[in-house]
Structure formats: structure tokens, C-alpha cells
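**Q** Sequence:
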Amino acid sequence: MRPLVARADGSVEVLGGFRPAARSGTRACGLEAADVIPIPEGCTLMHLPERRPLALDTRDRPIEIEADLLPVAAVLPVGYLRALLPASRPLPGSRRLPLFGYAAVVEHNGALKVAAMRTDRFAWWQPEHHGSAELLPAIAMARAALPDNRLVEHLTTCATDHRCYTAQNTFFRRYEGALPASPACNADCLGCISLQSDGAAPAPQPRMRFAPTADELFTLADYFLDGRDAAIVSFGQGCEGEALTRDDVLIEATQRIRASHPHATVHINTNGSKPRFLEQLIAAGCNSVRISAISFTDSVFRAYYRPLGYGLDDVMACGRVMAEAGGQVCLNLLTFPGLTDSPAELDATVAACVAMGVQQVQWRSLNVDHDWLIDVLSRAGHALDSGIRMPQAYETVRHRLPGVEHGNFTRPVRTGAPSPWG
Numbered sequence: 486m487r488p489l490v491a492r493a494d495g496s497v498e499v500l501g502g503f504r505p506a507a508r509s510g511t512r513a514c515g516l517e518a519a520d521v522i523p524i525p526e527g528c529t530l531m532h533l534p535e536r537r538p539l540a541l542d543t544r545d546r547p548i549e550i551e552a553d554l555l556p557v558a559a560v561l562p563v564g565y566l567r568a569l570l571p572a573s574r575p576l577p578g579s580r581r582l583p584l585f586g587y588a589a590v591v592e593h594n595g596a597l598k599v600a601a602m603r604t605d606r607f608a609w610w611q612p613e614h615h616g617s618a619e620l621l622p623a624i625a626m627a628r629a630a631l632p633d634n635r636l637v638e639h640l641t642t643c644a645t646d647h648r649c650y651t652a653q654n655t656f657f658r659r660y661e662g663a664l665p666a667s668p669a670c671n672a673d674c675l676g677c678i679s680l681q682s683d684g685a686a687p688a689p690q691p692r693m694r695f696a697p698t699a700d701e702l703f704t705l706a707d708y709f710l711d712g713r714d715a716a717i718v719s720f721g722q723g724c725e726g727e728a729l730t731r732d733d734v735l736i737e738a739t740q741r742i743r744a745s746h747p748h749a750t751v752h753i754n755t756n757g758s759k760p761r762f763l764e765q766l767i768a769a770g771c772n773s774v775r776i777s778a779i780s781f782t783d784s785v786f787r788a789y790y791r792p793l794g795y796g797l798d799d800v801m802a803c804g805r806v807m808a809e810a811g812g813q814v815c816l817n818l819l820t821f822p823g824l825t826d827s828p829a830e831l832d833a834t835v836a837a838c839v840a841m842g843v844q845q846v847q848w849r850s851l852n853v854d855h856d857w858l859i860d861v862l863s864r865a866g867h868a869l870d871s872g873i874r875m876p877q878a879y880e881t882v883r884h885r886l887p888g889v890e891h892g893n894f895t896r897p898v899r900t901g902a903p904s905p906w907g
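Taking the numbering used here, the leading residue of the sequence shown gets 486, the next gets one more, and so forth.
None of these hints come from the bench; they were simulated from the model.
Just so we're clear, the structure is a prediction, and the values are computed from it rather than from any experiment.
Cβ atoms here follow ideal geometry from the backbone N, Cα and C, with glycine treated the same way.
Pairwise CB distance ranges (calculated): (1) Asp633 <-> Asn594: 56 to 62 Å; (2) Arg864 <-> Ala669: 26 to 32 Å; (3) Arg546 <-> Asn594: 22 to 28 Å; (4) Glu638 <-> Arg805: 33 to 39 Å; (5) Ala768 <-> Arg512: 43 to 49 Å; (6) Gly796 <-> Glu498: 46 to 52 Å; (7) Gly495 <-> Asp870: 28 to 34 Å; (8) Ser871 <-> Glu498: 30 to 36 Å; (9) Ser496 <-> Asn594: 20 to 26 Å; (10) Arg805 <-> Ala552: 52 to 58 Å; (11) Ala669 <-> Met486: 46 to 52 Å; (12) Ala629 <-> Pro523: 38 to 44 Å.
Turn these sequences into a full structure, and let the hints steer you where they fit.
**A** Written out as C-alpha cells, the structure is:
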């Protein structure tokens, strides 16, 4: 197994004479065959500018690679979880990296491999089902059916320019349809993919610039759910702020969706900031929630989310109110090697899942400049050097939460009605 490095022009080379290194938080570590998998379809290789690659010498000591060589990282497709960070060190004055979930990548027996694991094989989210020639005709059909609906144009950009699978599925009218609802947010997350408040890193996609009406949300949902393979509509997408800030608009839209489609899953992806409003939304017909969290340690939570007017008690309460209403509770666990897989964090995560009535844990690689996040958390008093590695963390949580599903993608609520989704 050998390290990979890159030239400034993007060409990749195998580096002889060293063992490959990776990082768990701040700690450099070696890579073995059991730590890596073949590069999956849809994976992207990137070089990290203004960084110095690290490798291990013959005594397993981390050393910096000199000359004009750059670290190489892999960005995984959906359904895969990063296990280790790329081994690199930022140079003084380096700019913040774009928001991706960078994973360690190596050469092994003539093939490229990545420090990752597969966590979900749900068919509708696989790359081969997206970006097909049928997308533009499907968009044209939606435009003809909903000529005055601003969400159609917004999601067209998401589906084409940003290749968002949820947006594409909305036009294909299959599985999960996106209902972005809010341009505003009550948090300033370090890894927000639609708005970086300090402008130091480019957001991968632009924040939506309008507040959809209840009629726009309902008519798009109605059009989507009339599709043969449609099952879920979901408020709260990556191109928007926090959906729970839309209060009355979401209640009206949800009431109309539920009245027209009694067996559909009406789902919301949220930061869990407004449990009292979520109760009202549940009464209107919402029966599934996915709550995002990087940590259930308060100081880590606040350092990452920079929340406005809410805290972990509210996040936990959002899970409880949905569980008590008999709905589906999913945790969107934003993972980071060296943090998520530390024993203290695993204890807190398991305890939170039990308290919230979580039925599915969705394991996601956090998209962020890893060195920036480490710096922010270190200033908040957290040293990221005690991780047990993500595959072990995954198995630990599975063992300690019997009966809880694990994966990447939200499943529809089981209603007893016939469904192609089981």
C-alpha cells in the first residue's frame, strides 16, 4: 500500500519509499488493507491546495513530504461513509477548503482505494439512476403542469447545475420529492452547504432567495405524489435554511397534502430547533422527521451550529414529540473521524437516540474543511485524538441500539397501505 500525491496541475502520482498515512482528528495513523475499499462509482478525487501531504516513515513516524507535492483526497458518493481523513497539514495562511467530506485515499495492488465503508444500498439513490437523458423531458413536464410555481425553476437549477439527486427524483416523480421551504435559518453552521456567512469558503450551492407559498408547496407535492413511484415529500433541503421557521405556511401545505394523499409520508429535515411548532405540524399531518446533529455534547454542538435561540434540549424534544405521536424519528448523524467515534461521543449519541425514540440513524460524512473544524473545536476545549475509527463506531452503535435501522436514506413510514417500498 502506497501514498498518493498530486501535482498542482491535478496529475496524481504514487509515492514510493513511504507508508500511507491518514488522520483521525489530529492523530496521524497508518492504513491497512482492512481500512480501505475500492474507489466506488461516483467517487471524485481532489488535491488539497496549500496543504502539505503526510506519510509514515519506516518507523511509522508521520513526516511531511517536501517539494511541490499536494495531498490527495476522495469525496464519496451517497451511501458511503468516510472512515479516516486525508493526512495533510495546512500551510501558514492557507485558504479554507470547499465544503466536501474529504477522505483518505491510497494505492493498493495497482488500484485506488479509499478509507470508507458502504452504509446503504437503496436503489433509487444510486448514481446510475441519475443524470439520464430523461431528466430534461421530466423537467419540461413539470414546467407545463406547474407554469407559475417558482419551486420548479429553483429545483431545475438544483437538478441540473448541482446534480442534486433529490431534486432529480422530484422531476422523475419517484421515491422522495423535495419541498424546499425557507430562505432563512436560525443557525450559522460551520458546514452549511448553501450559505457561508463569512465568505471564506464557497458554498456548493446557492441558498434559495424566496419564501414559497403554501400553494406552491402543495401543488408541487400533489404533482409529485401522483407519480407511480412516489412515496415521500420532504421539507428542509440542503439549498435552504431551516424549514421550521415557516410556521403557518408549512401547516397549511401539510394539511392539504395529507388531505389529498392520506398514505404519503410527509417528512421534514430539520435542525430540531422548534419542538412546539413541530407538534403543530404533526397535528397537521407530518409523520416523519430527520433531525441533524454533529454532537450531543453541548459545547461541541454550539461551536458547530452557532444556534440562535435554541439548544440541545429543543433538539431532543423534537425527537420526543414525533415519537410520542407515533411518527418516524431519524437522526442525521454528521460524522467526523476523531470526534464521532470517540468513546464519550458514542455514549452521548446512544443516550440521545434512546431518549428521542430514534428509529433510524443516517450516517453522513460531514462536509467541511477538516482542519478548520478541528481548530474551532480545539478553541472550544475539545481535542480530537481518541477516535476508535468509524467502522468500529458504526458497529458499536448498532450493537447498543438493537432494533434501530442504520443507513443513509429516509424510508417511508409504514402505513399498511400497498406500497412498492415495503
